[in-house]
Every structure is written in structure tokens, then in C-alpha cells.
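Chain A is already provided as a structure; the job is to place chains B and C on it using the hints.
Chains as they are written, first to last, in this note's numbering: chain A, 5 to 79; chain B, 99 to 363; chain C, 479 to 570.
All the pointers check out, no bait thrown in.
Now the in silico label distances, taken between C-beta atoms and shown as ranges:
hint, chain 1, residue 1, chain 2, residue 2, range
1, B, 179, A, 76, 27 to 35 Å
2, B, 333, A, 13, 54 to 62 Å
3, A, 40, B, 171, 12 to 20 Å
4, C, 483, B, 305, 47 to 55 Å
Partial list, derived from the structure: chain A residues whose beta carbon lies under 7 Å from chain C:
hint, residue
5, 6
6, 11
7, 12
8, 17
9, 19
10, 20
11, 26
12, 38
13, 39
14, 51
15, 59
16, 60
17, 63
18, 74
19, 75
20, 77
Selected chain C positions facing chain A (in silico; Cβ < 10 Å):
hint, residue
21, 500
22, 512
23, 523
Hints were generated in silico from the structure; no laboratory data involved. Note that beta-carbon positions come from the ideal geometry of N, C-alpha and C, so glycine has one too.
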Amino acid sequence: MCDLVHLEHRGIPAVGVATAPFADEAIEQARLLGMPGSRVVYIPHPVQLLSAGELDRRADDIFPAVLAALTQPTP
Amino acid sequence: MVAAARAALDPAFNLHGQAVTTQPAGQLVVVNGPVREAIGLNSGMGALGPGFRANLTIGRALRLLVTLTGGAMPGTLDRSTLGWMGKVGFCIAEDEEVSPWEPLHVERGFAAGQSVVTVIGSDAPLSISDHRSRTPEDLAYVLAWAAASTWSTNWWPLAEPSVFVICPEHAEMFRGAGWTKQRLREFMFEAVHKPARELRRGETTPFVHAAGPGTQVPKWASPEAIVLLVAGGEAGRYSAVLGPCTGMGFQIVSREVESRWPLST
Amino acid sequence: MAAEYVSPFDDRVRAAEPLAPRPASVAGRRVVLLNIRKNRGAEFLDRMEALLRAEGAQTARAAKEIFSKPAALGLIDEIAGQADLVVEALAD
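Excised from the complex, chain A in its bound form:
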């Protein structure tokens, strides 16, 4: 989260990708860092033991959300 916030401060739109169980941590960290609107997208957990094909599919599935995080206007 720190990295995303630092980049946004520098005018660089950023998106983080994390697995779903870390959502509440990411939301709380974003709030503590003063940027609750920071954009993080979530994929199902776990990922460590996925095959290469399965990991690619996780990336494919989340890609529309990544694009949206990088291009949708901020409120």
C-alpha cells in the first residue's frame, strides 16, 4: 500500500493485485496512509501451488478490473 500511495502522490495511477484474504488489511492500510481510495484488485487465494496455466487464468480473469483501476475516473 505504501508504494501505491507514494506513486499516486507523484501523479502516477497505480493498482495493486493481492489475494482475497488480504482485502481487509489493504483497506485498513489505505485508510491509515490517508488514501482510502487506493485501488487494489483481488484474485482468489491461494496462488502458490497453481499450475502455470491456472495462474495465467487468474491474471486473465482480473485483467478487466486492472484496466478499470488504471483508467476509470477518480470520484
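Showing chains B and C alone in chain A's frame:
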């Protein structure tokens, strides 16, 4: 307490990383110097357990800073999968008077008469019974190999520190044989090696994957990853090893205790 | 001497800072893919990079020193100097 907080908040300690990881990751506080006796810190019987107000107060207060002020509560920022009771609070004093060696703070460059707090990221204690070894070599072998599966069975080598708490009876065997701390550390390092082929099951390191099958792989990346403390009751041959906190890039950090009043015993 | 008690809770009110403005599309934009250095992250970003290129983005790769600490500010500055957009992954 102030010294412990300052040490833990040193960026080199990476308290944030330790506070939010899925690892167990407690913060061990080791106290050396005259302050131990002045405030009633226990380094004897039950050194790693309950029963002593000063130990629990300091350890608990540090963890309350992490949880209440820092916000690292389990379920929000603290993602530790299992945690352990050291995350309630974990402060020990070293028994410098019984130890045959220079205490931790002197090893780390302080004068013996200084009161110093040292913080180390650590996992839960693993008890090591040895009631029958008759030589320092055998005892050192038993102590070292007890740590072989700490962190993960085949994740060798470990660069991060493992802390051994050596009980007085065990320490006495090394004293009697004239072993320095460094000799013990180097013996333990050398004792725990396995050929890479025996480590290639389940989780293992890139080092093991890349090594030739017969390459001898050490448990620790260097003898300096082995931290040695002396504490515990005068009777009973149980030492312990605290597994490491890994991937945090943390350094062990020490701070002198600053007091505004004379320490009296 | 009367003791002064201070709340241990961090009750500071934080004003919400705005995000950087977004472009309409990633096409023609330079996207830096920042690896936090956890296992499988590089592969995930390989796929993400291919998908972004298919959308017309230019891409570059970067990596933090270690996953458990924020990226060094020097690295952030370096990325900010070359990137229009950043994707950081993969936290698990």
C-alpha cells in the same frame, strides 16, 4: 520500555513487516545489564514463561504499542496465520552471572555495565531436552540438530537469526570444557549439514534446487545466524531454540536504557 | 506528581487524499509492472504484461528489494520518472 520501543521502531528492525506478515513473528525483547536486577526482571527459573511482572509488563507493553497504537490487530493488519503466545508479550533477561560467556549486549559492542535492550524477530520456542550428553561436542550436536526443522523442514540454509536459550546446566558443560561462545556457535554451524538430495522434498530453497545432489547444505547461512543466550533455572537440562522470522530483511537492534534516576538494587 | 494519561490508540483524523487522474486508455501509455518479489509474482506479471501489450501499452519491469518493506523511495522516484501507470503484484 522506552528503549524497547525505540529499538523496535528503528527502520532496520522492520517492525511493520513483522506486524503484518502471515508468519508467527513475535518480537523478542532481551534485556542485559544492571537494570535487570533493579526492576526485578527474571532470568532464572521459568525464564521463558510466566510469573514475573517486569518481564510480562515490558513484553506486553511493546506488543500493545504494535496492536493498539500501530493497529496491527489479528484480523486487520496482523495476518499471522497462527500467531503464538509470544505475540502477547515476550521479554527475557539474560543470566549474565551464570553464563560462562560475554553477554549479548557486550557481543554487540556495549559495555558490561550498560543496561541494554535488544529486539529480535522470532518464532516460538522449541524445547531441547538433553540430560545424558557427557561431552560438549555431543551436547552441542544435540542442541544444533534440534533446530534442523525450524522455520521449515527443508528450507536450508537460513540467513536469519535463530536464538538459542542455553540453560545453566548446559552452559556449565561448555564452561567446564573451556568452550567460548564462538567455538560453540561454529561447532553448531558445522554440525548441521545435509546433502542437497535429502532436502529436495516439499518446500525447499532455490539454493537446494540449484545445488548438486551431493552438495553439503548448512542449516544456517553462517555461524553468525546462531544467537546464544544463557537463562533458566539452575536445575533441569532443557534449553530452547527460537526459530527465525524470515524475509523481513530485519536486523537485530539494540538500544541503551536511559534512566533518569540511579538504578539501585 | 500527577500522572498524565495518553490514549494508546492512534485517533488522528486523516483527510482522504485524492488519487492521481486516470487516462482514458492504457493504449500508448508506459506501464511499469512492479514485482514485490513474492513467489509466483514474476509469472503473474509476465501474463499481465502480455495482456497490457495486447491493449497497446508499452511496458517495463521493476522489482522491490524485498516484499516485506515499502519500496525504497529512490525506486519509487525512478519508476515515477518513466511510468505513466503502475501495476504492483502479487501479494498473498
